[in-house]
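*Asks:* Chains A and B, in that order, are what the protein sequence lines are. No gaps in the numbering here: position 160 of the first sequence is 160 in our numbering, and each next residue is one more. No gaps in the numbering here: position 116 of the second sequence is 116 in our numbering, and each next residue is one more.
Hints are supplied without guarantee of correctness; some may be wrong.
[Unchecked claim] Derived lysine-lysine pairs resembling DSS-like cross-links, with alpha carbons at most 30 Å apart:
| id | chain 1 | residue 1 | chain 2 | residue 2 |
| --- | --- | --- | --- | --- |
| 1 | B | Lys57 | A | Lys111 |
| 2 | A | Lys97 | B | Lys74 |
| 3 | A | Lys2 | B | Lys110 |
| 4 | B | Lys176 | B | Lys127 |
| 5 | B | Lys166 | B | Lys127 |
| 6 | A | Lys97 | B | Lys127 |
| 7 | A | Lys98 | B | Lys128 |
| 8 | A | Lys111 | B | Lys10 |
| 9 | B | Lys128 | B | Lys110 |
| 10 | B | Lys255 | A | Lys97 |
| 11 | B | Lys181 | A | Lys111 |
| 12 | B | Lys255 | A | Lys2 |
| 13 | A | Lys98 | B | Lys26 |
| 14 | B | Lys57 | B | Lys26 |
| 15 | B | Lys255 | B | Lys245 |
| 16 | A | Lys111 | B | Lys74 |
| 17 | A | Lys97 | B | Lys10 |
| 18 | A | Lys111 | B | Lys110 |
| 19 | B | Lys166 | B | Lys110 |
| 20 | A | Lys98 | B | Lys135 |
| 21 | B | Lys74 | A | Lys2 |
| 22 | A | Lys98 | B | Lys255 |
| 23 | B | Lys135 | A | Lys97 |
| 24 | A | Lys97 | B | Lys128 |
| 25 | B | Lys74 | B | Lys128 |
Hints were generated in silico from the structure; no laboratory data involved.
One letter stands for each residue in the lines below.
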Amino acid sequence: MKNFYLIFQKELRSYFNSPIAFVVITIFLIISGYFFYTIFATFSTISFQVMTNPIMAQQYNQLNITEMVVRPFFANISLFMLIMLPMLTMRIFSEEKKSGTIELLLTYPVKDSEVILGKFAGCMGIFTIMILLTLPCIFLIELFGEPEMGVVLSGYVGLFLMGAAFISLGIFASSVTENQIVAAVVSFGFLLIFFMMGYSAGFASETIGGILKYLSFTPHLYNFAKGVLDTEDIMYYLLFTLFCIFLNMRSLESKRWRG
Amino acid sequence: MIEVENLTKKYGNARGINDVTFTVEKGEILGFLGPNGAGKTTTMRIITCFMPATSGKARVAGFDVFEDSLEVRKRIGYLPESVPLYTDMQVPVYLEFVGGLKGVDRRDIKRRVAQVMDDCGLNAVAKKYIAELSKGYRQRVGLAQALINDPEVLILDEPTIGLDPKQIIEIRSLIKGLGGKRTVILSTHILPEVSMTCQRVIIINEGRLVAVDTPQNLTAQLQKSQQFIVRIDGPEQEVLSEIGKINTVSRVAVKESGADGINSYLVEFKKDSDGGKDIAPVIVRKNWALYEMRPIGMSLEDIFIKLVTEEKIH
Ligand SMILES: Nc1ncnc2c1ncn2[C@@H]1O[C@H](COP(=O)(O)OP(=O)(O)OP(=O)(O)O)[C@@H](O)[C@H]1O
Ligand SMILES: [Mg+2]
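Work out the full structure, taking the sequences as your base and the hints as a guide.
*Replies:* This is the structure in structure tokens:
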């Protein structure tokens, strides 16, 4: 437990000692902010037109801020996470392998699980800061409308769980190569596949389509963004994360076996 | 304390080390000598549990490096060859981090860090980030992290490389002071270092053990013959034939011919013959002039070269 905490602390610190965390978080917030602005501006234009134009009012018979702003907001953020998180995770093991520090780390009396979980938690820490910094957008919505707080809350839970899944996969990718670019490309590629898998469900048979949908990230996140906290979705992300951490343990272990 | 049995490591098909066997007693300082690519680092990496052997066994304090890796790692301080450190940390912060991982008690950690920083001469860089340090100071930080938990066993891969002469002396005496209480294996290319700090030497070449002995014994065993440089003023051919006739002399040759007819000769005597005394009478009898006569000893360097080129002890 102590080792886990020490590695977690060191991992957090090294993010802040380098420009990575700062750059990734800033760019992430700029993009999220910009897209939030477009969604929000569209929504207010429509609301204004609806107020003045009765024909439009019939088209949009109910204007729902939760549906038109909050939900797209979460969908967008999940997309930006897909791009930004591999940048956070790519260095985690690759850098240690490249610089050779892994040689010392693995010869300290520390369990592999403590190393992996410590690093995972450190990255989760940065990620948590990153998504909490998008809260001002929610306050802005709150100022102009009445979003359902339950949806907001479950949306954030969904993002958090999805982030855990992304990060565990990214760290695993980083543990198999000493090249950071390779690690980033591999994790981005796999995340994208899991992200898009659900879209091809329509072309496949019913069972396969169902499986593809279940394996895909997106349908689960949309449930959260609808305000549905379903154990099945929670389990999906947790299992995904655990599976990646398990693979990561194997990959560190195999280093000990094969040298 | 350290037992290595028939240790073999293959990198794919390439040779790493081959059937290496040796033991190190508690409190002993063992020097690991060998040319580049001999397999020193490979052996150390196996003992420190960084990578497994292809076959063979290694035990530290009775614990197998593969079966009880965690127990072994608790007892070891390791300084890898490339001195890999987290360059984005400040020296004391780094040492505290390592100390924590190596099980130093939280209440003791500050004191321990101060102690090793003192021992390794790091107080001058206490505020710096490791990235800003020179090679020699990084080496010292590397040594400090190996010492932080006061381990029973120290494995140091070329510990004095990159240090200035004054620091080399300090670190050597530090290592020497560690012996007795702690078991140390250190690898090096610098031969005087071995005779200065180590009680026993292992010479390894192309992955195989070539010799294990004390530096003194190695020197004695390998001095096949005694050699002298003799400078004589006399006709060259005659000098060669007359000295060659002495029955304790195994070889004589012109080492350097002087412009004034005074040549230097290299005279080699048979082993165990106290030959030096036989030359003078010949010179006197022939009425030549003797300008210089000095023995040349075989340094550890010569032995080393001899061993790794011949690969057997005579
Ligand atoms: N990771 C590796 N992959 C393949 N071969 C390796 C690897 N590491 C070492 N070797 C090979 O194993 C042999 C022993 O290497 P090792 O690094 O143990 O030598 P060394 O005695 O430490 O040499 P030096 O004095 O240069 O440090 C060399 O022939 C080397 O090429
Ligand atoms: Mg080496």
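*Asks:* For every hint, state whether the structure bears it out.
*Replies:* Here is what the structure says about each hint:
no.: 1; hint: Lys57(B) to Lys111(A); result: holds (22 Å)
no.: 2; hint: Lys97(A) to Lys74(B); result: holds (22 Å)
no.: 3; hint: Lys2(A) to Lys110(B); result: holds (17 Å)
no.: 4; hint: Lys176(B) to Lys127(B); result: holds (29 Å)
no.: 5; hint: Lys166(B) to Lys127(B); result: holds (23 Å)
no.: 6; hint: Lys97(A) to Lys127(B); result: holds (27 Å)
no.: 7; hint: Lys98(A) to Lys128(B); result: holds (23 Å)
no.: 8; hint: Lys111(A) to Lys10(B); result: holds (26 Å)
no.: 9; hint: Lys128(B) to Lys110(B); result: holds (17 Å)
no.: 10; hint: Lys255(B) to Lys97(A); result: violated (53 Å)
no.: 11; hint: Lys181(B) to Lys111(A); result: holds (28 Å)
no.: 12; hint: Lys255(B) to Lys2(A); result: violated (68 Å)
no.: 13; hint: Lys98(A) to Lys26(B); result: violated (35 Å)
no.: 14; hint: Lys57(B) to Lys26(B); result: holds (18 Å)
no.: 15; hint: Lys255(B) to Lys245(B); result: holds (18 Å)
no.: 16; hint: Lys111(A) to Lys74(B); result: holds (11 Å)
no.: 17; hint: Lys97(A) to Lys10(B); result: holds (21 Å)
no.: 18; hint: Lys111(A) to Lys110(B); result: holds (24 Å)
no.: 19; hint: Lys166(B) to Lys110(B); result: holds (27 Å)
no.: 20; hint: Lys98(A) to Lys135(B); result: holds (18 Å)
no.: 21; hint: Lys74(B) to Lys2(A); result: holds (15 Å)
no.: 22; hint: Lys98(A) to Lys255(B); result: violated (52 Å)
no.: 23; hint: Lys135(B) to Lys97(A); result: holds (20 Å)
no.: 24; hint: Lys97(A) to Lys128(B); result: holds (24 Å)
no.: 25; hint: Lys74(B) to Lys128(B); result: holds (28 Å)
Checked against the numbered hints given earlier, this structure breaks hints 10, 12, 13 and 22; the rest are met.
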